[in-house]
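**Student:** Chain by chain, the residues run as shown.
Protein chains: 2
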Amino acid sequence: MSLDAVLARIDTDLDQSTARLMELLRIQSISTDPAFDAEVARAAEWLAADLRRIGFDASVRPTTGHPMVVAHGADDGPHVLFYGHYDVQPVDPLNLWHRDPFDPAIEEQNGVKVIRARGASDDNGQLMTFVEACRAWKAVTGKLPARVTIFFEGEEESGSPSLVPFLEANAEELRAEVALICDTGLFSDGTPGIVTQLRGMLQEEITITGPSIDLHSGMFGGVAMNPIRVLSGILANLHDAQGTVQVPGFYDGIPELSEELRAQWEGLGFNVEGFLGPVGLSHPAGEADRTPLEMIWSRPTAEVNGIWGGYTGAGFKTVLPSQAHAKISFRLVAGQDPLRLRENFRDWVQAQLPPDCSADFIAHGASPASTMDISHPAFDVARTALSEEWPNEAAFIGSGGSIPVAGYFKEILGMDSILAGFGRDDDAIHSPNEKYDLSSFHHGIRSWARILHGLSG
Amino acid sequence: MSLDAVLARIDTDLDQSTARLMELLRIQSISTDPAFDAEVARAAEWLAADLRRIGFDASVRPTTGHPMVVAHGADDGPHVLFYGHYDVQPVDPLNLWHRDPFDPAIEEQNGVKVIRARGASDDNGQLMTFVEACRAWKAVTGKLPARVTIFFEGEEESGSPSLVPFLEANAEELRAEVALICDTGLFSDGTPGIVTQLRGMLQEEITITGPSIDLHSGMFGGVAMNPIRVLSGILANLHDAQGTVQVPGFYDGIPELSEELRAQWEGLGFNVEGFLGPVGLSHPAGEADRTPLEMIWSRPTAEVNGIWGGYTGAGFKTVLPSQAHAKISFRLVAGQDPLRLRENFRDWVQAQLPPDCSADFIAHGASPASTMDISHPAFDVARTALSEEWPNEAAFIGSGGSIPVAGYFKEILGMDSILAGFGRDDDAIHSPNEKYDLSSFHHGIRSWARILHGLSG
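Sequence order for the protein chains is A and B. Per our numbering, the very first residue in the first sequence carries number 1; after that it's consecutive. Per our numbering, the very first residue in the second sequence carries number 1; after that it's consecutive.
Simulated from the structure, these hints should not be mistaken for laboratory data. Certain hints may be false.
In this list, chains with the same sequence are indistinguishable; a pair is considered to hold if it fits within one copy or across any two.
Listed next, the in silico SDA-like pairs over lysine to any residue satisfying Cα-Cα at most 20 Å (straight line) [unchecked claim]: (1) K317 / E205; (2) K317 / G365; (3) K317 / G159; (4) K138 / H442; (5) K317 / P368; (6) K317 / D214; (7) K143 / K317; (8) K143 / A5; (9) K317 / A366; (10) K143 / G249; (11) K138 / D100; (12) K143 / D15; (13) K317 / G401; (14) K317 / A363; (15) K317 / T32.
Given the sequences, and given the hints that come with them, work out the whole structure.
**Tutor:** Written out as structure tokens, the structure is:
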């Protein structure tokens, strides 16, 4: 059977696959710093050349920012679009790295082999799992089991400014039955997950103004309303004692979790102590009647991400400030309309203002939650394939964060995304000493080989 | 009668008095910036030389910081110590000044003549009112009506680091029956005030720690306790809806205002609209059952002077921070023990912490309120003299702020202070375009001439 031969080929070719990944990891493709523009371009060229070697019709496509790489396979079968990003995060603070971030090496960490380099996990190691799976299929059978289009972005770590225009301008070329995205992690060691629901986001910045100028608290303290007092009161009202968000209408229209997903999630044996312990916590905050996994994956939240006002330097200054500020974000789930929530939030703040105080708002991001339609057969194919490769059964899981590209694929290209990845919580992405487990790379390649096989029917 | 002759001499000498003040104002005696150390020293020398010309035995006395100026008159009568400070605030933002801050000039502002310069009001213009009063007495009568010691500080605007050691080392030399301090303002246009009660201060900095590291709010939001939420809740509890401070024992031991002072204060016709209007407010906050003047002069307050935590830069970052911080100050009145209140406050904060959160405190300043013993006859002498000079009767008033030197005089030298000054609310001290009304300077000199006369019995 050809799948077995492909998997065997992946095993014997692992050293060469790793060597190719390391070649890519030597390129300093930091997208946010113009000093590295040429390196970003070099990474795109390297990928296009590598894909051509496998037989793809690959091209580097300019944008007003960093280029995209688009590659088409010539094979029959269901059409899938694979997405990854080849740009990486900056490396500072450089002194916390124990080796050059762009001089990759296999090292041992906690008894397992890891590939150490910036981008090893996020996202070059992950995107190469798919490329290597394609290479193995072509080497063994001369073709791919599906019609594959590959799409690599070079601006994911710098806000993806060219992504939407590029998708809009090339919608016909990029639209497939389903997208495959490799930029997430395993649910836990040995248990792969496919993320099928991503939370949305509403970001608001609020400024409370009391007196028109900063005042001396000896002269005015007590008599003049202090905007920090007002802001604190409003923020304190954001949750009740049970952790329920108090903005009117906040929970309207949110569906309860399906029994099927609830059972799957309960079966994951999520370890709250293991989740909170490493960050110094032991008691879940938030909605008292929800499990932590439910809170992160399927319930909306409100968090204050920043607060400032008055004197914040060393020592003391008895100022009664004119203004106080906060940045507040809401993670949203299906059923919540970000723009209606923005209005409700602002009205709720205004209603709490004492005389003489005003509130001004800055609208930052707003995006709805997205939930994949898992009725497309590719979802079950992927789940079965992952379950066969890994020790434990794969689960459809949620994600507390947002992966904007999945939302754009749905909105602009009308396709759902299968978000499967092999990163681990301790990969230190965006941090010094980033790594990718060699076993993640190896079984990641094998996972995609199995998924491609499954897609062929 | 000699007082009349002295007052007449002051009137005819006003131009020369103003010219001498301007000479002093040309010296850039900014004490907080070492670049101006030589200028600070030059101001001390200038003052000592001027006092010698009047007949004082004056000396510039080195400290580990900026020098003090001490000058003794050789006359008989009750011994008084006059205090002022010759150092000035920095001048930035310089671009907001409409002339060089150290090129003094008489200008017209709102129809009255003002002396424009850094230090014109705070405190060189004020301290020279006393020097000029002495000069006039000496010129007319050849002596002073009291035994006068003059004590000028050069570090008041930079925290007075040498003041306490200097007072302790020179207590015998500086101790007098009563101190005269000219570093305050008129109660209102035409109404002089003698400040007889000064509030104390307790300053606390609090840090709330939740998770041990900053977290991603997508991964942990809702489940991990956010320290900004905890801090906001605690700060929101600091006052109840009536503005009453909720720290246990906060109001214990505070005496009610005497009927005499209450009547005097009510007679001042304090204009709340006129006080709050210029800073954009119209509704007094604070204790609902107290008048604004009572709140500022004789009631304790709690104010948040600074708050910060999480991401406070441009744009947005969905961080769930490890820590949140606030600086909180309490203005204290007679009967309150700062150190006991510090303990009560910390206990009160600790009692509100949810699981997994801790609070750390930094103790900043703590000083009790001080109330002058106005039974010393000099207080009535000063009040009568001021009432004769100004259109309206002088009042014993309170001050919302703290004037630490008055506390040190009491603590170290065992003497009360008569705090009388002629500044106005719109003098812009510490700000660009500082000024001192020429009439404040003129009638200030005449006021001290009258007080010196009164002291002689």
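**Student:** For each hint, tell me whether it holds in the structure or not.
**Tutor:** Against the structure, the hints come out as follows:
1. For a Cα distance limit of 20 Å, the shortest separation of K317 from E205 across copies, 11 Å, qualifies, whereas the shortest one inside one copy, 25 Å, does not.
2. When the C-alpha separation of K317 and G365 is checked against a cutoff of 20 Å, the pair qualifies only between copies, where the shortest distance is 11 Å, while the shortest distance within a copy is 35 Å.
3. Proximity of K317 and G159 under a CA criterion of 20 Å is satisfied inter-copy only: 12 Å between copies versus 38 Å inside one chain copy.
4. Only within a single protomer do K138 and H442 lie at most 20 Å apart by alpha-carbon distance; the minimum there is 17 Å, versus 99 Å between protomers.
5. In this assembly of identical chains, K317 and P368 lie within 20 Å of each other by CA distance solely across copies; the values are 18 Å between and 43 Å within a copy.
6. With identical chains, the CA atoms of K317 and D214 are at most 20 Å apart within one copy only, with a shortest distance of 11 Å there and 27 Å across copies.
7. Taking CA atoms no more than 20 Å apart as the test, K143 paired with K317 passes in neither setting, with 71 Å inside one copy and 44 Å between copies.
8. For a Cα distance limit of 20 Å, the shortest separation of K143 from A5 inside one copy, 13 Å, qualifies, whereas the shortest one across copies, 115 Å, does not.
9. In this assembly of identical chains, the alpha carbons of K317 and A366 lie at most 20 Å apart only when taken from different copies (14 Å versus 37 Å within one copy).
10. Taking the shortest alpha-carbon separations for K143 and G249, neither the intra-copy value of 54 Å nor the inter-copy value of 81 Å comes in at or below 20 Å.
11. With identical chains, the CA atoms of K138 and D100 are never at most 20 Å apart, being 34 Å at best within one copy and 80 Å at best between copies.
12. In this assembly of identical chains, K143 and D15 lie within 20 Å of each other by CA distance neither inside one copy nor across copies; the values are 22 Å within and 102 Å between.
13. In this assembly of identical chains, the alpha carbons of K317 and G401 lie at most 20 Å apart only when taken from different copies (12 Å versus 39 Å within one copy).
14. When the C-alpha separation of K317 and A363 is checked against a cutoff of 20 Å, the pair qualifies only between copies, where the shortest distance is 14 Å, while the shortest distance within a copy is 31 Å.
15. Taking the shortest alpha-carbon separations for K317 and T32, only the inter-copy value of 15 Å comes in at or below 20 Å, while the best intra-copy value is 37 Å.
Hints 7, 10, 11 and 12 from the list above are not met by this structure, while the remaining hints are.
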